[in-house]
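Visitor: Line by line, the protein sequences give chains S and R. First residue of the first sequence? That's 1 in my numbering, and the numbers climb one at a time after it. First residue of the second sequence? That's 1 in my numbering, and the numbers climb one at a time after it.
Some chain S residues flagged as far from chain R (calculated, every beta-carbon gap over 12 Å):
no., residue
1, Leu-21
2, Gly-88
3, Asn-235
Here are some of the chain S residues that sit facing chain R, going by a computed Cβ distance under 10 Å:
no., residue
4, His-43
5, Leu-54
6, Asp-139
7, Arg-142
8, Val-280
9, His-294
10, Thr-317
11, Leu-326
The set of hints was computed from the structure by calculation and includes no laboratory data. Predicted, not measured: the structure shown is a model, and the values here were computed from it. Beta carbons: idealized from backbone N, C-alpha and C, even for Gly.
2 protein chains.
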Amino acid sequence: MTSASAGSLTAADQHLVDGVLAGRRRALAKTITLVESTHHDHHRRARQVLAALLPHTGRTIRVGISGSPGAGKSTFIESLGVHLIEAGKRVAVLAVDPSSSVSGGSILGDKTRMELLCQRDEAFIRPSPSSGSLGGVADKTREAMLVCEAAGFDVIIVETVGVGQSETTVAGMVDVFVLLQLPNAGDDLQAIKKGIVEIADLIVFNKADIDERAAAFARGQMKAALTMLRSASPNWRPPVLTVSALAKRGIAEFWAEIERFQRTLTASGEFEEKRRRQAVDWMWSLIDSGLRRHFRAHPAVRSALPELLSDVAEGHTTPGAAAARLLAFVKH
Amino acid sequence: MTSASAGSLTAADQHLVDGVLAGRRRALAKTITLVESTHHDHHRRARQVLAALLPHTGRTIRVGISGSPGAGKSTFIESLGVHLIEAGKRVAVLAVDPSSSVSGGSILGDKTRMELLCQRDEAFIRPSPSSGSLGGVADKTREAMLVCEAAGFDVIIVETVGVGQSETTVAGMVDVFVLLQLPNAGDDLQAIKKGIVEIADLIVFNKADIDERAAAFARGQMKAALTMLRSASPNWRPPVLTVSALAKRGIAEFWAEIERFQRTLTASGEFEEKRRRQAVDWMWSLIDSGLRRHFRAHPAVRSALPELLSDVAEGHTTPGAAAARLLAFVKH
Numbered sequence: 001m002t003s004a005s006a007g008s009l010t011a012a013d014q015h016l017v018d019g020v021l022a023g024r025r026r027a028l029a030k031t032i033t034l035v036e037s038t039h040h041d042h043h044r045r046a047r048q049v050l051a052a053l054l055p056h057t058g059r060t061i062r063v064g065i066s067g068s069p070g071a072g073k074s075t076f077i078e079s080l081g082v083h084l085i086e087a088g089k090r091v092a093v094l095a096v097d098p099s100s101s102v103s104g105g106s107i108l109g110d111k112t113r114m115e116l117l118c119q120r121d122e123a124f125i126r127p128s129p130s131s132g133s134l135g136g137v138a139d140k141t142r143e144a145m146l147v148c149e150a151a152g153f154d155v156i157i158v159e160t161v162g163v164g165q166s167e168t169t170v171a172g173m174v175d176v177f178v179l180l181q182l183p184n185a186g187d188d189l190q191a192i193k194k195g196i197v198e199i200a201d202l203i204v205f206n207k208a209d210i211d212e213r214a215a216a217f218a219r220g221q222m223k224a225a226l227t228m229l230r231s232a233s234p235n236w237r238p239p240v241l242t243v244s245a246l247a248k249r250g251i252a253e254f255w256a257e258i259e260r261f262q263r264t265l266t267a268s269g270e271f272e273e274k275r276r277r278q279a280v281d282w283m284w285s286l287i288d289s290g291l292r293r294h295f296r297a298h299p300a301v302r303s304a305l306p307e308l309l310s311d312v313a314e315g316h317t318t319p320g321a322a323a324a325r326l327l328a329f330v331k332h
Numbered sequence: 001m002t003s004a005s006a007g008s009l010t011a012a013d014q015h016l017v018d019g020v021l022a023g024r025r026r027a028l029a030k031t032i033t034l035v036e037s038t039h040h041d042h043h044r045r046a047r048q049v050l051a052a053l054l055p056h057t058g059r060t061i062r063v064g065i066s067g068s069p070g071a072g073k074s075t076f077i078e079s080l081g082v083h084l085i086e087a088g089k090r091v092a093v094l095a096v097d098p099s100s101s102v103s104g105g106s107i108l109g110d111k112t113r114m115e116l117l118c119q120r121d122e123a124f125i126r127p128s129p130s131s132g133s134l135g136g137v138a139d140k141t142r143e144a145m146l147v148c149e150a151a152g153f154d155v156i157i158v159e160t161v162g163v164g165q166s167e168t169t170v171a172g173m174v175d176v177f178v179l180l181q182l183p184n185a186g187d188d189l190q191a192i193k194k195g196i197v198e199i200a201d202l203i204v205f206n207k208a209d210i211d212e213r214a215a216a217f218a219r220g221q222m223k224a225a226l227t228m229l230r231s232a233s234p235n236w237r238p239p240v241l242t243v244s245a246l247a248k249r250g251i252a253e254f255w256a257e258i259e260r261f262q263r264t265l266t267a268s269g270e271f272e273e274k275r276r277r278q279a280v281d282w283m284w285s286l287i288d289s290g291l292r293r294h295f296r297a298h299p300a301v302r303s304a305l306p307e308l309l310s311d312v313a314e315g316h317t318t319p320g321a322a323a324a325r326l327l328a329f330v331k332h
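Assemble the whole structure, with the sequences as input and the hints as a guide.
Guide: Shown next, in the form of structure tokens:
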């Protein structure tokens, strides 16, 4: 990889880049696999391929969709995807599911869950990378998102389940974050309690066809709750919608709200500002995890750490003294 | 400070340590001032004094008390403090208020707010350190807590206001975390939404004397909400109490619950396990902030950072590539 280290692409990687830019599915899938690889040798190649693709990214809208199991995320995304394709758009669906490496499955692993969308050439569906930690999964999904953008998709949908901090993480990588809810109070309370409602730009009650009165009631309750929460933007008050993904009702209205969001925040400058801030935050989070990794790999730290950890846990050393001693090893 | 660097205390610092261990207020206050000092020269001295005090710490119960402004924290802590002193205990009250450096004041700055407690020899009240960031404030309060323990206090109370992440931070440094609430639904929703209810080991509705029915209703509502949240320990379901701090009603019952908490979690081993985990987490957080500080101080990083930050924000470089380039400077 000497030519790669000089900053130029190998012929094979240039071929990948060309394939992605031409919108070829095979090149797209192979590039995402390269980006997701944990193989050390692949990291530098992935960075260079991404650098070559970067000028072709960003001309999309990135939509995060979260909701508890049973809220009907797959059906909703499928209906939305088909609607968008019929409107002439190309749609990529990615997933962030930190539990997939544990469970062996992924929220998008079972492709039959989005059968209609899978059959469309204008759609690309990719299950969650299974690299273990949420940070690792999220980093790879962020990069896969850039690859899809370079491949010419217009809309990127990032799906997540409510596992730990995954909603906050996904909200930090998309332009607009959607919370899909069931019209029942338990689901509401969970979302309010976890602070998810606070980070949502749109709240959607799905399965409204089952009990329209319950859905209208849930919508009213949520709107009341929202008045007590601070909204993230002074120019946008999160709307609360009811849809029926299965009956394909409310999908066009939902997308109109997404477009209104994009227009409003683009006009105020917040749309671009959010992307800039997300990119910088992402860089710092990569730096922090890199620093921690280097630190733990340092021979002196590795040899002193176990005893100091146990001293700190047992109260024989203060955390401050232990930290100072370990940090002294890596001071430059 | 050459003798200090060899690990032994100077005569003056030994005098401080002896004073603290003898329970002398002046030595206690001076030691906390040393611990809180941002003077670089004082850091090493503070670490050595703390190391000398460490074997005498830990034989206390550390109680975190949080609540929105107006919930009556000062009155509650004063009533509790007087109750404990009358039961033969010595009580230290510390505060974590990251806003104090901005506002110039501190939640405990106005000592007249706890007039009765201030006059007692068995009490020690210390306002929040004003070092800027929440992490900095919290680290200094953690160390002040150890100094108070070495000085023979039996109960350490850490008060905090609901500013940003301060509740989570305080919950991470105490044995038992108490949420003080007003009996009205707005206060409840705020606490549920911010995830504070989830980390509380005890929930107390204060000012129950003003409207007993409202207090009973709020208590019922909160108990219902709690059934939907997961509790932190399988052995402890957070009780919901009503008190009137001003009328000194319910204070003895509150303390009985704190003692039951300590007994229950000591029996299951969770009490000690929590302290061990807190100490280790604290060490890692000190290491992370130390690594970040070293990193930013590195000459090559300092000179390359501004341009890379702007490249990342403008989308000319991927966060991954920028992070890799910056990390390469500090690789050992």
